[in-house]
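**Q** In case you want the letters, here they are:
Protein chains: 2
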Amino acid sequence: MTITTFNPPVRTLMGPGPSDVHPRVLSALARPTIGHLDPSFSTMMDEVKTLLQYAFQTDNQLTFPVSAPGSAGMETCFANLLEAGDSVIVCQNGVFGGRMKENVERCGAIAIMVEDEWGKAVDPQKVEDALKAHPEASVLAFVHAETSTGALSDAKTLCALAHQYNCLTIVDAVTSVGGSELRVDDWGIDAIYSGTQKCLSCVPGLSPVSFSERSQERIKQRKERVQSWFLDLSLVMGYWGNDGGRSYHHTAPVNSLYALHESLLMLKEEGLENAWARHSMLHQALKAGLEAMGLSFIVPEGSRLAQLNAVTIPSNVDDAVVRKRLLHEYDLEIGAGLGSLAGKVWRIGLMGQSASASNVMFCLASLESVLNDMGATINTGVALPAAQKATFG
Amino acid sequence: MTITTFNPPVRTLMGPGPSDVHPRVLSALARPTIGHLDPSFSTMMDEVKTLLQYAFQTDNQLTFPVSAPGSAGMETCFANLLEAGDSVIVCQNGVFGGRMKENVERCGAIAIMVEDEWGKAVDPQKVEDALKAHPEASVLAFVHAETSTGALSDAKTLCALAHQYNCLTIVDAVTSVGGSELRVDDWGIDAIYSGTQKCLSCVPGLSPVSFSERSQERIKQRKERVQSWFLDLSLVMGYWGNDGGRSYHHTAPVNSLYALHESLLMLKEEGLENAWARHSMLHQALKAGLEAMGLSFIVPEGSRLAQLNAVTIPSNVDDAVVRKRLLHEYDLEIGAGLGSLAGKVWRIGLMGQSASASNVMFCLASLESVLNDMGATINTGVALPAAQKATFG
Chain A
1 MTITTFNPPV
11 RTLMGPGPSD
21 VHPRVLSALA
31 RPTIGHLDPS
41 FSTMMDEVKT
51 LLQYAFQTDN
61 QLTFPVSAPG
71 SAGMETCFAN
81 LLEAGDSVIV
91 CQNGVFGGRM
101 KENVERCGAI
111 AIMVEDEWGK
121 AVDPQKVEDA
131 LKAHPEASVL
141 AFVHAETSTG
151 ALSDAKTLCA
161 LAHQYNCLTI
171 VDAVTSVGGS
181 ELRVDDWGID
191 AIYSGTQKCL
201 SCVPGLSPVS
211 FSERSQERIK
221 QRKERVQSWF
231 LDLSLVMGYW
241 GNDGGRSYHH
251 TAPVNSLYAL
261 HESLLMLKEE
271 GLENAWARHS
281 MLHQALKAGL
291 EAMGLSFIVP
301 EGSRLAQLNA
311 VTIPSNVDDA
321 VVRKRLLHEY
331 DLEIGAGLGS
341 LAGKVWRIGL
351 MGQSASASNV
361 MFCLASLESV
371 LNDMGATINT
381 GVALPAAQKA
391 TFG
Chain B
1 MTITTFNPPV
11 RTLMGPGPSD
21 VHPRVLSALA
31 RPTIGHLDPS
41 FSTMMDEVKT
51 LLQYAFQTDN
61 QLTFPVSAPG
71 SAGMETCFAN
81 LLEAGDSVIV
91 CQNGVFGGRM
101 KENVERCGAI
111 AIMVEDEWGK
121 AVDPQKVEDA
131 LKAHPEASVL
141 AFVHAETSTG
151 ALSDAKTLCA
161 LAHQYNCLTI
171 VDAVTSVGGS
181 ELRVDDWGID
191 AIYSGTQKCL
201 SCVPGLSPVS
211 FSERSQERIK
221 QRKERVQSWF
231 LDLSLVMGYW
241 GNDGGRSYHH
251 TAPVNSLYAL
261 HESLLMLKEE
271 GLENAWARHS
281 MLHQALKAGL
291 EAMGLSFIVP
301 EGSRLAQLNA
311 VTIPSNVDDA
321 VVRKRLLHEY
331 DLEIGAGLGS
341 LAGKVWRIGL
351 MGQSASASNV
361 MFCLASLESV
371 LNDMGATINT
381 GVALPAAQKA
391 TFG
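For the record, the sequence lines run as chains A and B. For the first sequence, the residue numbers in UniProt numbering are 1 to 393. For the second sequence, the residue numbers in UniProt numbering are 1 to 393.
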């Protein structure tokens, strides 16, 4: 095999992430590498922290990006807040609640599962029942925006319930930050993790996290050390902390942090509420087109995410063939179903920079054209009569 | 605080890493992001694996970059190979042996320490004594190239000893890969981790690892699950594995992998032996200049790393002031001492792209000029009489 420089194809990314990365962010990424203890780098880190506090809507001092993808951010929350023998109420309504359970168990803690149907929001009544039935539970964990189904749960209500029953809250906001209303302080979220490659439209590889005073107290009272050296917040805080020092822990992913800085700056320039509104508005446009074709959403109206649109695949077309044709003929990526939804749904992402009017039009036109060409049972010519008549090659 | 786009200063990186990143690698980094399940990305991943096998000199199928910095690579090795109650012989002759101990203990295993003076290589006799005295030990762990001191240990001899006593070997090659002779298969290394920001001259954030058949067998025989979900090789292998599938585990750091691909390609083009020889030749040049000034190495000749030159700080100059002046007047980063060597040594890196004739001349001239200007007790005008007479501003 002769290996040469890799030139990736130029795709439009409308899957479950990564999303389209703006040229400003790619430019930032490619700036000259400096040392992770350089004073200029420290200044930039402080700015990243300030910008993350804005994105999370929090004053939490312990707010920073974990130097690894979202699943490491998840593990940071569980490994630091749990000790062996602790009980945690874990809500599962998709793939990522299941991953939370895995994390709880690998910490030697006990996961009390509250199950909801995939595609539904977490049911606050079931959560309250579990909180009542399990006074030994010390943490409530749930996914705010389920990337596997496109369901949005009511984080505010769930956090209020948790506190009523003296539980801390761990919230998966991988897909929500920057795309859906999220207010860490107002809602009383104690530990939260996200990813950079969804509605922040940065490159994948970092996981922004934030911890409330309450959760920091819990960490200080640990009896045993955190089982992961790499993710131990008591060590990481020496580098990202507020004491002015930058004690070496690990080598920060310098260039990825340039990119995160730039993407957060773009979010700040747009305004968080404006970004939420943009996602919502474009979701409505996409929805109108998809429904005009006859495609239906799996999530009930009212708990649908704007940024992740899961629709059922028409019965007479092959899932993989459609996605392959979109990728090869139009350089358009949409997402496959995950877990129990594999082969049953497509997940169309409208995340960050991918949430644009041009992407909505392009996606509707391409999808309708491919489905029509494959003889799918859809309402052709309804959504985009002109676009679907275009022929290529 | 008004935050604007971050434009980093352009530094010359001659510390303990990150090292200078070639424009080819920065260009690769900034190429358009594609999905982590895109077929084009899979092809690139296969190439990264092949190129890493070359850099490690191994045929190990389980060879891939962990999606996080070197310390996560270290944790991947320990967390997967150890179970609670296991005994591990850990050699410590600098900071990173101590970090290995931390990792062992956080896995619930027992670390049997073999200590050598900082700056010295690991003593094979002490290791053999420990292996004899502790037949219960199942792993020998040591650092090939100690970044904190610049000492190179004899990995080949240590691995042979370990196998003689039925131990697997875990080797820290963060600073050695690409800069020092290293032969994973020939030397019988069972688990190895490295970093991208040292002699590979890629951006920081990834940790190449490789596992022998023997270590994979050990992992398969585990009684308990790996305590880290994110680093569990049985899961990661589904994504980086050889079964042709790409089952989703976490979102790969797509752009960083473009960069790693390009930096590994550059290493392949140069040739691994040529890269080792280049590091060695430039170390000799730097050494001649430093010694002419009267600066002395802390590591005895014969076990000095070419890529990390730790020299004692002249007694009458302030460590921090010298480094600050080099940084601010010449945009030159050299490294401070770490751990018990803080304030006592400088660590001058010649890693990857930083190992160039121009960097050697620039570093000698700048250092001599600053030291001379500060009235340090060094042999001025010996190393570079012309350069040190240059005045700026």
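Hints were generated in silico from the structure; no laboratory data involved. For each residue, glycine too, the CB sits at the ideal point set by N, CA and C. There's no promise every hint is true.
List time: in silico EDC-like cross-link candidates among lysine to aspartate or glutamate, alpha-carbon distance up to 20 Å [to be verified]:
hint, chain 1, residue 1, chain 2, residue 2
1, A, K223, B, E102
2, A, K156, A, D185
3, B, K101, B, E115
4, B, K223, A, E102
5, B, K101, A, D185
6, B, K220, A, E102
7, B, K101, A, D232
8, A, K220, B, E115
9, B, K156, B, D186
10, A, K101, B, D232
11, A, K101, B, E224
12, A, K223, B, E115
13, A, K268, A, E213
14, B, K223, A, E105
Simulated coverage check for chain B against chain A, where a stretch passes if three residues somewhere in it have a Cβ under 8 Å from a Cβ of chain A [claimed, not checked]:
hint, stretch
15, 216-229
16, 247-254
17, 299-305
**Q** For every hint, state whether the structure bears it out.
**A** Going down the list of hints, with the structure as the test:
no.	hint	verdict
1	A:K223 - B:E102	17 Å, holds
2	A:K156 - A:D185	10 Å, holds
3	B:K101 - B:E115	12 Å, holds
4	B:K223 - A:E102	17 Å, holds
5	B:K101 - A:D185	38 Å, violated
6	B:K220 - A:E102	19 Å, holds
7	B:K101 - A:D232	15 Å, holds
8	A:K220 - B:E115	32 Å, violated
9	B:K156 - B:D186	8 Å, holds
10	A:K101 - B:D232	15 Å, holds
11	A:K101 - B:E224	16 Å, holds
12	A:K223 - B:E115	29 Å, violated
13	A:K268 - A:E213	25 Å, violated
14	B:K223 - A:E105	15 Å, holds
15	216-229	holds (count 5)
16	247-254	holds (count 7)
17	299-305	violated (count 0)
The structure does not agree with the numbered hints 5, 8, 12, 13, 17 stated previously, though it agrees with the rest.
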